[in-house]
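2 protein chains.
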Amino acid sequence: MKPIIEALKNRYAVKLFDDSKKLTVEQIEDLKAVVNLTASSLGMQPYRVVIIENQKIKEALKPHAYDQAQITTASHLFLFCAHQQIDNAYVDDYMNLISEIRHQSRESLKGYESMVSSFVNSRTKEELEVWASKQAYIGIGNLLTSAAIAGIDACPMEGFDPQAFKEVLNLDKMNLQPLALVALGYKSPEDKYAKLAKVRRSNDTMFMQF
Amino acid sequence: MKPIIEALKNRYAVKLFDDSKKLTVEQIEDLKAVVNLTASSLGMQPYRVVIIENQKIKEALKPHAYDQAQITTASHLFLFCAHQQIDNAYVDDYMNLISEIRHQSRESLKGYESMVSSFVNSRTKEELEVWASKQAYIGIGNLLTSAAIAGIDACPMEGFDPQAFKEVLNLDKMNLQPLALVALGYKSPEDKYAKLAKVRRSNDTMFMQF
Numbered sequence: 027m028k029p030i031i032e033a034l035k036n037r038y039a040v041k042l043f044d045d046s047k048k049l050t051v052e053q054i055e056d057l058k059a060v061v062n063l064t065a066s067s068l069g070m071q072p073y074r075v076v077i078i079e080n081q082k083i084k085e086a087l088k089p090h091a092y093d094q095a096q097i098t099t100a101s102h103l104f105l106f107c108a109h110q111q112i113d114n115a116y117v118d119d120y121m122n123l124i125s126e127i128r129h130q131s132r133e134s135l136k137g138y139e140s141m142v143s144s145f146v147n148s149r150t151k152e153e154l155e156v157w158a159s160k161q162a163y164i165g166i167g168n169l170l171t172s173a174a175i176a177g178i179d180a181c182p183m184e185g186f187d188p189q190a191f192k193e194v195l196n197l198d199k200m201n202l203q204p205l206a207l208v209a210l211g212y213k214s215p216e217d218k219y220a221k222l223a224k225v226r227r228s229n230d231t232m233f234m235q236f
Numbered sequence: 027m028k029p030i031i032e033a034l035k036n037r038y039a040v041k042l043f044d045d046s047k048k049l050t051v052e053q054i055e056d057l058k059a060v061v062n063l064t065a066s067s068l069g070m071q072p073y074r075v076v077i078i079e080n081q082k083i084k085e086a087l088k089p090h091a092y093d094q095a096q097i098t099t100a101s102h103l104f105l106f107c108a109h110q111q112i113d114n115a116y117v118d119d120y121m122n123l124i125s126e127i128r129h130q131s132r133e134s135l136k137g138y139e140s141m142v143s144s145f146v147n148s149r150t151k152e153e154l155e156v157w158a159s160k161q162a163y164i165g166i167g168n169l170l171t172s173a174a175i176a177g178i179d180a181c182p183m184e185g186f187d188p189q190a191f192k193e194v195l196n197l198d199k200m201n202l203q204p205l206a207l208v209a210l211g212y213k214s215p216e217d218k219y220a221k222l223a224k225v226r227r228s229n230d231t232m233f234m235q236f
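Residue numbers (the numbering used here), protein chains in the order written: chain A, 27 to 236; chain B, 27 to 236.
Worth flagging that the hints you see were computed from the coordinates, not collected in a lab.
This one's a predicted model, so the numbers in the text were calculated from it and none came from an experiment.
Errors might be hidden in some of the hints.
Copies of the same chain are indistinguishable here, so a pair counts whether it falls within one copy or spans any two.
[What the hints assert, rightly or not] In silico PhoX-like links for lysine-lysine, alpha-carbon gap of 20 angstroms or less:
{"hint": "1", "residue 1": "K151", "residue 2": "K221"}
{"hint": "2", "residue 1": "K48", "residue 2": "K224"}
{"hint": "3", "residue 1": "K58", "residue 2": "K35"}
{"hint": "4", "residue 1": "K218", "residue 2": "K35"}
{"hint": "5", "residue 1": "K58", "residue 2": "K151"}
{"hint": "6", "residue 1": "K88", "residue 2": "K28"}
{"hint": "7", "residue 1": "K224", "residue 2": "K58"}
{"hint": "8", "residue 1": "K28", "residue 2": "K58"}
{"hint": "9", "residue 1": "K41", "residue 2": "K199"}
{"hint": "10", "residue 1": "K218", "residue 2": "K58"}
{"hint": "11", "residue 1": "K88", "residue 2": "K48"}
{"hint": "12", "residue 1": "K224", "residue 2": "K199"}
{"hint": "13", "residue 1": "K136", "residue 2": "K82"}
{"hint": "14", "residue 1": "K136", "residue 2": "K224"}
{"hint": "15", "residue 1": "K82", "residue 2": "K47"}
{"hint": "16", "residue 1": "K41", "residue 2": "K192"}
{"hint": "17", "residue 1": "K41", "residue 2": "K224"}
{"hint": "18", "residue 1": "K151", "residue 2": "K136"}
Sequences are here, hints too, so could you generate the full structure?
Here's what the structure looks like:
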């Protein structure tokens with residue numbers, strides 16, 4: 027586990043990327059695989075990820091993210107969005123997917139379907155959105171760790187206007203609510219944040235052990 | 027990135043651990059390091075992790091987690107809890123920590139402090155708890171990925187009664203709200219879930235690219 031810990035010690039929230047360095051198509055495909063393989067509650071994957079490489083779109087987003095340089099200097103942005111329509115149709119679609127991938131009849135999934143449906147139907151839209159958001163953040167954790175190990179620099183960001191992002195990206199019709207983004211690329215040698223010591227609580231503060 | 031992807035493909039939510047196999051003290055210290063190094067919004071780490079190794083406590087928790095076998099057969103449980111008292115005192119404490127670790131005066135942190143304070147003070151207790159919960163889930167993502175790469179099996183779980191867990195673990199006085207737990211150890215060869223194909227959305231469903 028030591029190489030993982032070293033990678034996590036070396037990573038930091040990059041504020042200025044070297045905009046001449048781009049991630050390759052293969053790297054993006056690998057990062058997509060990493061995100062898609064992330065665990066989620068009930069296996070529901072109740073979120074989606076908008077990947078932005080287009081420079082004009084990054085420029086359009088920047089003013090809605092406090093004009094932060096990460097937005098336009100990063101190679102790619104991974105914008106994590108909660109899926110806002112988790113309902114019986116979503117469950118039905120999910121059961122079809124399980125049935126197809128595991129070669130199981132829908133009949134044999136009745137028990138699981140009833141459990142998942144009752145989970146969904148016993149929660150308000152707001153509760154489901156919080157639940158979906160939390161699952162998305164598992165994906166963010168997985169992406170940040172995987173990128174760090176692979177030597178790709180990143181900056182996770184919540185500091186932007188979700189409504190403005192929705193408008194720029196036309197997400198309204200898709201029932202997607204932007205939550206947080208991960209800017210990815212390679213840090214600029216001029217990023218002054220690179221040299222700051224990492225601030226973390228002591229283990230005694232963070233953990234209790236029984 | 028291929029070895030990471032392989033590890034993520036091989037991991038799954040273990041339902042039955044081999045209870046004769048325990049994680050070592052060194053492994054637990056490494057997993058704590060991994061969690062503590064996790065990125066969080068504003069660097070605030072607004073969550074805490076209760077680690078349970080004691081078998082009697084696991085037995086006491088089990089009925090409050092639908093009697094699931096992971097609870098008592100896992101080597102250790104990492105219970106992620108939102109910190110429920112994110113306030114000016116918390117911010118003050120955090121600024122002291124930055125000041126100490128980075129050898130910066132509190133004066134020089136005024137700008138950052140004002141930003142963090144206004145973030146905290148402009149949100150309700152409920153909003154802060156949702157925000158804290160999401161940060162905890164980045165930690166869960168990081169922990170799951172790191173464990174998978176290190177060959178440690180895990181099961182993330184939300185299916186338990188947080189109130190009952192609070193009572194068993196005496197968390198009430200500590201302002202900690204249980205969110206989710208990660209059971210860690212080594213899977214039993216009898217875990218029938220090991221052989222199930224992983225169900226994931228297609229990339230076309232999970233991602234949009236611009």
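Alpha-carbon proximity between K224 and K199, which holds within one copy, between copies, both or neither at 20 angstroms
Neither. Shortest intra-copy (41 angstroms) and inter-copy (30 angstroms) distances fail the 20 angstroms Cα cut-off.
Please sort K28 with K58 into within, between, both or neither, judging by C-alpha distance up to 20 angstroms.
Classified as between; 12 angstroms across copies, 25 angstroms inside a copy.
Alpha-carbon proximity between K218 and K35, which holds within one copy, between copies, both or neither at 20 angstroms
within (17 angstroms within a copy, 37 angstroms between copies)
First find the shortest C-alpha distance between K151 and K136 inside one copy, then the shortest across copies, and answer within, between, both or neither for a cut-off of 20 angstroms.
neither (24 angstroms within a copy, 39 angstroms between copies)
Between the shortest in-copy and the shortest cross-copy C-alpha distance, which are at most 20 angstroms for K218 and K58: within, between, both, or neither?
So K218 and K58 fail the 20 angstroms test inside a copy (29 angstroms) and across (28 angstroms) alike.
Within, between, both or neither: K41, K224 at alpha-carbon 20 angstroms
within (15 angstroms within a copy, 36 angstroms between copies)
Is it within a copy, between copies, both, or neither that the alpha carbon of K136 lies no farther than 20 angstroms from that of K82?
So K136 and K82 fail the 20 angstroms test inside a copy (48 angstroms) and across (35 angstroms) alike.
Checking K88 and K28: alpha-carbon separation at most 20 angstroms within a copy, between copies, both or neither?
neither (37 angstroms within a copy, 33 angstroms between copies)
From the Cα coordinates, with 20 angstroms as the cut-off, is the pair K48 and K224 best called within, between, both, or neither?
neither (26 angstroms within a copy, 31 angstroms between copies)
Using 20 angstroms as the alpha-carbon threshold, which applies to K151 and K221: within, between, both, or neither?
neither (43 angstroms within a copy, 34 angstroms between copies)
Up to 20 angstroms CA-CA - K224 versus K136, copy category
Between copies only: 19 angstroms across, 49 angstroms inside.
Classify it for me, K224 with K58: is the Cα-Cα distance of at most 20 angstroms met within a copy, between copies, both or neither?
between (28 angstroms within a copy, 16 angstroms between copies)
Hint violations for this structure: numbers 1, 2, 5, 6, 9, 10, 12, 13, 16 and 18, all remaining hints satisfied.
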